[in-house]
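Fit chain B to the supplied structure of chain A, relying on the hints for placement.
2 protein chains.
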Amino acid sequence: MDHITSAKNPIIKALRALRDHKGRAAAGRFLVEGEVMLREARKCGLAVRDVLAEENFTDLAGELEATGARAYTVPRSLLEAVCDTRTPQGICASVDLPEPLPLSNAPAKIVALDGVQDPGNVGTIWRTADAAGFGGLLMGAGCADPLSPKVQRSAMGSGFRLPYTPVGDLPAALAELKARGWSVIASDLRGDDFYSHPDPGGKFVLVIGSEAHGISDATRAAADMLVKLPMRGGAESLNAAVAAGIMMYALTR
Amino acid sequence: MDHITSAKNPIIKALRALRDHKGRAAAGRFLVEGEVMLREARKCGLAVRDVLAEENFTDLAGELEATGARAYTVPRSLLEAVCDTRTPQGICASVDLPEPLPLSNAPAKIVALDGVQDPGNVGTIWRTADAAGFGGLLMGAGCADPLSPKVQRSAMGSGFRLPYTPVGDLPAALAELKARGWSVIASDLRGDDFYSHPDPGGKFVLVIGSEAHGISDATRAAADMLVKLPMRGGAESLNAAVAAGIMMYALTR
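Protein sequences, first through last, are from chains A and B. According to our numbering, the first sequence is numbered sequentially starting from 1. According to our numbering, the second sequence is numbered sequentially starting from 1.
Same shape as in the complex, but just chain A (with noise of 0.2 angstroms):
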């Protein structure tokens, strides 16, 4: 295994790139951060290509040649001019970008982003839709970036195994949808009450909206049912990652 001291090794560079979106796009890989996600990456079958390890990583970055990674190892300050997280965990790697899941291959039960910002958030959503069984993700313009390191973290893994579809334009990709059958319901401060809603039935996209903005009037339009979460206190609003929560488990139930 090599070692790597210079930030300006080539290898270094590469992967500082991919702090940011253009740079992921360009390579066509992101960066996953410490022993659980990239065994994680792994096993959802996601290549994994240059590690950086600590001297006390060198087992598992030897593990990650074997499925035809490169791995160097490298001081502590090269780990933390690479990573995202100012105590990095000792491990990380470039791995290539996960398949978009084409829109013509749809799951039955979706949940779309529109314009969710929060990288905690998207991330945060991500994960839960995995747990109440939803099959991928919508991921609107003006969402978080599903690939930053925030967003992954948040996921806690589930964005290596849910799949997303990134769609420039979300009224249209869910008038799509609605034509093939399935239903469009929207979390919207202007909605009825979520728990008063018709039955969606087996095929359904569940919308979420900006934290600051709600949906956009485009995606009111499209929707089929407009529902809100009802407030029986004192609290005006709820934390966005929280409603998709509660209203993904309901409609699995």
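No lab work stands behind these hints, which were simulated from the structure alone. Keep in mind it's a predicted model, so treat the numbers as computed, not measured. Each hint should be verified, as a subset may be incorrect.
Heads up, the list lumps identical chains together, so a pair's fine if it works in one copy or across two of them.
Claimed, not checked - Think about it this way: if two alpha-carbon atoms lie no more than 20 angstroms apart in a straight line, the pair counts; the simulated DMTMM-like pairs of lysine to aspartate or glutamate are:
| hint | residue 1 | residue 2 |
| --- | --- | --- |
| 1 | Lys43 | Glu236 |
| 2 | Lys22 | Asp118 |
| 3 | Lys150 | Asp217 |
| 4 | Lys150 | Asp118 |
| 5 | Lys13 | Asp84 |
| 6 | Lys150 | Glu211 |
| 7 | Lys228 | Asp199 |
| 8 | Lys228 | Asp193 |
Same frame as chain A, but now just chain B:
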């Protein structure tokens, strides 16, 4: 309205002391930041004491003076020195601590936190409990400090509205409530399917455990029912605040 320019001014020092639990307990006050939260604190009947305001917030500072507060104009640097947020909103104030609710006066529907450590989770659960129609929170040992700025920020004003009871010995408090007619439902990875649990009746406590270790053995022993949300997909667990939200809304339907 006096103008303060020095970080050594005793008012500034006293407000800075509210940054930690010890300082808040000694002063009987906590720091509330921003216009929305200060208006909410007033609406909930909390007494606002020393107000620091930038020039563009002197109107609100004047309103608060009319309720008995003392207001001072300050430069941005002093707001930054006092506030928890990196980019403070232009006004902050010390506010009398809300009165904890005695256990003898417990509401019918209670959420109990057993070592929930993440301030964002504690605040989000507080906000969701308020939205779902719960009457109050029990804060067991090891929870994030309920009056820390991070908890209050996530609680979005519900921290002023929904009363809480700090309990050193949560299992003893649960036993006391049980003896007085409350059902105790605890979220536990070893529990039965949440959706198959018996109806807890009109008076119940929902216990949420720590992110890393769940509920303690003593809490488990004090519970009537142990419940777990079904994991229908690949995810092994849910975020604590999301799981709490799903259960709270399902229990108050």
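Unmet hints by their number, sorted upward, for this structure: 3
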